[in-house]
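Counting in the numbering used here, the sequence shown runs from 1 upward without gaps.
No lab work stands behind these hints, which were simulated from the structure alone. A few of these clues could be false.
What the hints assert, rightly or not - DSSO-like, lysine-lysine: derived pairs with alpha carbons at most 27 Å apart:
id, residue 1, residue 2
1, K474, K108
2, K353, K342
3, K362, K148
4, K203, K342
5, K486, K468
6, K250, K342
7, K347, K362
8, K100, K486
9, K268, K293
10, K474, K486
11, K108, K148
12, K412, K433
13, K116, K486
14, K203, K108
15, K116, K473
16, K203, K373
17, K306, K140
18, K353, K108
19, K484, K473
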Amino acid sequence: DASLLARMAKARELRPDDARPMFEVAEQLGSMRQYDRARTYYEEAIKRAPWSTAARNGLGLLLTQSGDDDAARTTLEAARLLDPYNRETTNYLRLLDDLKSYTRLEGKHFIIAFDKEADPVAAQFMLDYLDEIHPAVSAKYEWSPEQKTVIELFPTHDRFSVRTTGSPWIGTVGAATGPIIALVSPRQNAQTLGLYNWSQVLKHEYTHTITLGATENRIPHWMTEGLAVLEEEQPLRFEWTAMLYNATTKGTLFDLNQLTWAFVRPKKPSDRAMAYAQSGWLCRYLTDTYGQKTILLMLADFRDGKSQDDVFPLRTGRSLDQLFSDFKIWAGVQTSTWGYDKESSEKYQLLAKEADAFVRDKQFKEAADAWEKASAIRPLEPMPHQRLAGLYLTKELNNPERALTHLGVLAKDQTKDTRIARRAARVARDELKDLDLAAEFANRAVHIDPYSIDAHQLAMDIANAAGKTDLAKKHEIAIEQIRKMKP
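Can you build the whole structure from these sequences, using the hints too?
Next up, the structure:
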């Protein structure tokens, strides 16, 4: 702050009435989610250049991101008087009109705003889930928001994009600005991005709310992303394994100073996905090596304004270069068990061919043995789990417990399709008579597609069988609401 104020004073000496320094500082502070500080500079820029639509639009977006919709509307209406043809101003005001018409569902810690006609089902299940995860997430990071976190569920992707960036396109389904979490509706629709596991996304985004709030929005971008990935509590995504393996073996992992830039200024199409994968991996390494208590001390340091150049040496006793070297060694150990080296790949391919030949000859036990060996060589590969789940469900092998083990692995990696989760739920219910496990899989199906009658029917049947009539009633109501929806 002292350095900034000195530079601003010099700028005023050179050009006392120039609004541009104020505007640029406001833009940068806004991008770092320093809402109160940014607001001061936007307001000063507007005072110096009352004709500036850009400054009013910037302030309007800032106010919507921080949850002050009334002040945002006042600011944007003033911008529209200056330039009624400005596209950003129009987008923001339309967004505020939409939000004003939304139904609000309020719980103990959260408020969900949603379009009741387009999304009559998802909000209630989201609110129940959020209230369930809140205690554990807030306790883990020893911080809880003073105000209720607002979840805005948008029926179309363009509305969500305007909410988060001011433009009608951004290639994701969820975003958190701290006090506000925006989501695209998890519906199969031409105006959305299709199905996704909304519970996984909500937990990811709420972790942002927690870590941003705990550090007053000063946590490095890569670290808030990495901790959010970690909090999803999912196995390493198969789509990330090849990227991480190649980066580890070829020496192209991002160092700690490159990671955030890979998110905000990617040089290759794969950089952002790689940044998510590596950030989650790096946070796993830090947590496993130094403990959650050290993570909390780091968050406190960031809140106090320290940079990662100071924080990581202070809390780990290692310089950034040393820490990165340690991480690369750890990464090498991890990838050495994945079976992507030349020798392991050849063994895997040979076993896969043998297994397929056994299936053609209807030698199912031998096929299962071969696929089990292949899976041991490449434990993160989904193909062996797919084949083994099918083989163990045949009448010849009839081993539903083993089948469910492999279905469970596949279900955790599947975020856009409910078929595996629903099959696993039926196996758990009908073959193993395990209603609790069946309910877990049925809930996963609902979390991927809250507008699937089949998913709700299955969850309702399992809840009734377990004597959970209140839960069964929620699914029954959901089915009725879905049937009334316009096609």
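Tested hints:
1. Annotation: proposed proximity of K474 to K108 holds, straight-line Cα distance about 19 Å (limit 27 Å).
2. Restraint check for K353 and K342: satisfied, since their Cα atoms lie roughly 17 Å apart, inside the 27 Å limit.
3. This hinted pair does not check out: K362 and K148 have alpha carbons roughly 59 Å apart, beyond 27 Å.
4. As the CA atoms of K203 and K342 are separated by approximately 38 Å, the hinted pair breaks the 27 Å bound.
5. With a C-alpha separation of about 30 Å, the suggested pair K486 and K468 falls outside the 27 Å cut-off, and the hint is violated.
6. A threshold of 27 Å between alpha carbons decides the hint, and for K250 with K342 the separation of about 14 Å falls inside it, so the pair holds.
7. Proximity of K347 to K362 is assessed by CA-CA distance (about 22 Å); at most 27 Å being required, the pair is judged to hold.
8. Distance check on the hinted pair: K100 and K486 sit about 22 Å apart at the alpha-carbon level, within 27 Å; holds.
9. With a CA separation close to 35 Å, the supplied pair K268 and K293 exceeds the 27 Å bound.
10. Proximity of K474 to K486 is assessed by CA-CA distance (about 20 Å); at most 27 Å being required, the pair is judged to hold.
11. Between the alpha carbons of K108 and K148 the distance comes to roughly 8 Å, so the proposed pair stays at or under 27 Å and holds.
12. The straight-line distance between the Cα atoms of K412 and K433 is roughly 21 Å, inside the 27 Å bound, and the hint therefore holds.
13. A distance of roughly 12 Å separates the Cα atoms of K116 and K486; the hinted pair therefore holds under the 27 Å criterion.
14. Between K203 and K108 the CA atoms are separated by roughly 17 Å; this keeps the pair inside 27 Å, and the hint holds.
15. For a cut-off of 27 Å, the pair hint linking K116 to K473 stands: about 19 Å separates their Cα positions.
16. For a cut-off of 27 Å, the pair hint linking K203 to K373 is broken: about 35 Å separates their Cα positions.
17. Of the pairs offered as hints, the one joining K306 and K140 holds, with about 22 Å between alpha carbons and a cut-off of 27 Å not exceeded.
18. A distance of roughly 55 Å separates the Cα atoms of K353 and K108; the hinted pair therefore is violated under the 27 Å criterion.
19. Pair hint K484 plus K473 holds up; C-alpha atoms about 17 Å apart against a cutoff of 27 Å.
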